[in-house]
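Engineer: Protein chains in written order, with this note's numbering: chain A, 44 to 211; chain B, 24 to 219.
Some hints could be false.
[As the list claims (entries may be wrong)] Quick list of in silico lysine-lysine cross-link-like pairs, DSSO-like style, CA-CA up to 30 Å:
hint	chain 1	residue 1	chain 2	residue 2
1	B	Lys53	B	Lys125
2	B	Lys80	A	Lys63
3	B	Lys90	B	Lys201
4	B	Lys94	A	Lys76
5	B	Lys53	B	Lys194
6	A	Lys184	B	Lys198
7	B	Lys80	B	Lys94
8	B	Lys90	A	Lys73
9	A	Lys64	A	Lys77
10	A	Lys184	B	Lys91
11	B	Lys125	A	Lys77
12	B	Lys80	B	Lys203
13	B	Lys194	A	Lys77
14	A	Lys184	A	Lys110
15	B	Lys125	A	Lys185
16	B	Lys203	B	Lys53
17	A	Lys182	B	Lys90
It should be emphasised that the hints constitute simulated quantities derived from the structure, not laboratory data.
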Amino acid sequence: MSAYILPVLFLLLFLYCHHKKVNTYDTFVKGAKKSIPLIVDIFPYIASIMIAVALLRASGVTDLLAKVFSPIFHALGIPTELIELVLLRPFTGAGSYGLLESVFLQYGPDSYISRCASVILGCSETIFYVATVYFSQTKVKKLLYAIPVALICATVGSIFACLICKVM
Amino acid sequence: MIISSICFLLWSAPDTIVGVMVEASGGALKLCIELGAVYAVWLGILELVDASGLGQKLAHLLHPIRKKLFKVKDPEVEQMIALNLSANMLGLGNASTPMGIKAMQALDDGSGVASTAMIMLLIINATSIQLLPSTVIGLRASAGSTSPADIILPTILATTITTSLGIILVKFCSKLWKRKNSGKKGATGSQIEVKK
């Protein structure tokens, strides 16, 4: 069922563009061109996070973290393989895509673990980054309850993501 | 964190540090190339959505919901919020950020305290109402998944749960905050929370 969503949407979009007399090819090219500057922008961030995570892994600090957090994750029903991803997600978007990739490589993209990881990433955001950037141009100093609420939602989201993946 | 792990490695296996770092950055380069391919597809599609006027239609469709959530009267601010949210829905977080910043600026009342509308915008962004997790689908496809799109429905479900939970919590907390505040300063003094 899910497999049909995108092809059908794309088809409808192309037909609609044709109907609206939009120059489909040129417009698509114009958009696609933006992808290169974008990856040039994000490469340094992805690289530094992935280097940091690789160091953490090689040094065994992640194993230590995993040991500390695994009872909590176990109780919440989140696979312990995803500890790094869930813990890093609120801080770095680029880095969590890096981790997602490594989960795909390690467990195969269609495994339960990878599906969980995909859904967790889909239903959460880099909370601290978004909060910093969005409020950076305002005079706001007090965020009140914003961060706790966001973190609660992210935790609940991760739990439900794993639950849903078990059923669907 | 990085310093502590380097210290750890110095003690356990000093000759592996540089190798590990270079290998990781090589992985990052590979990931960026894959992401470049993913973005090329989706940004092309997004450009089409924009050029055909579908983007505006989508924004218009969500007008009543936005009105209820943000209680913003200025149509220009509302337009920015609309653009921010629709980029989010298409799973293109990077594209939604500039609009979000502008909307926040417009919502700022200069009091130094975040208003409920600002927090609402932040929370909806932070719980990422993604109807189309485009980047994740793209990465799954390039990792060789047999059905990269089969996470769409679970993601929509999960994101609906988190976003509704977020909205409910914000509403609840803003009421709680207002009560606490008016209790402290008396009935007339609760100027901070202008928008409920």
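Engineer: A separate judgement is required for each hint: does it hold in the structure or not?
Structural biologist: Now the hints, each set against the structure:
no.	hint	verdict
1	B:Lys53 to B:Lys125	violated, 33 Å
2	B:Lys80 to A:Lys63	holds, 13 Å
3	B:Lys90 to B:Lys201	holds, 21 Å
4	B:Lys94 to A:Lys76	violated, 37 Å
5	B:Lys53 to B:Lys194	violated, 43 Å
6	A:Lys184 to B:Lys198	holds, 20 Å
7	B:Lys80 to B:Lys94	holds, 21 Å
8	B:Lys90 to A:Lys73	violated, 33 Å
9	A:Lys64 to A:Lys77	holds, 23 Å
10	A:Lys184 to B:Lys91	holds, 26 Å
11	B:Lys125 to A:Lys77	holds, 21 Å
12	B:Lys80 to B:Lys203	violated, 41 Å
13	B:Lys194 to A:Lys77	violated, 38 Å
14	A:Lys184 to A:Lys110	violated, 36 Å
15	B:Lys125 to A:Lys185	holds, 19 Å
16	B:Lys203 to B:Lys53	violated, 52 Å
17	A:Lys182 to B:Lys90	holds, 24 Å
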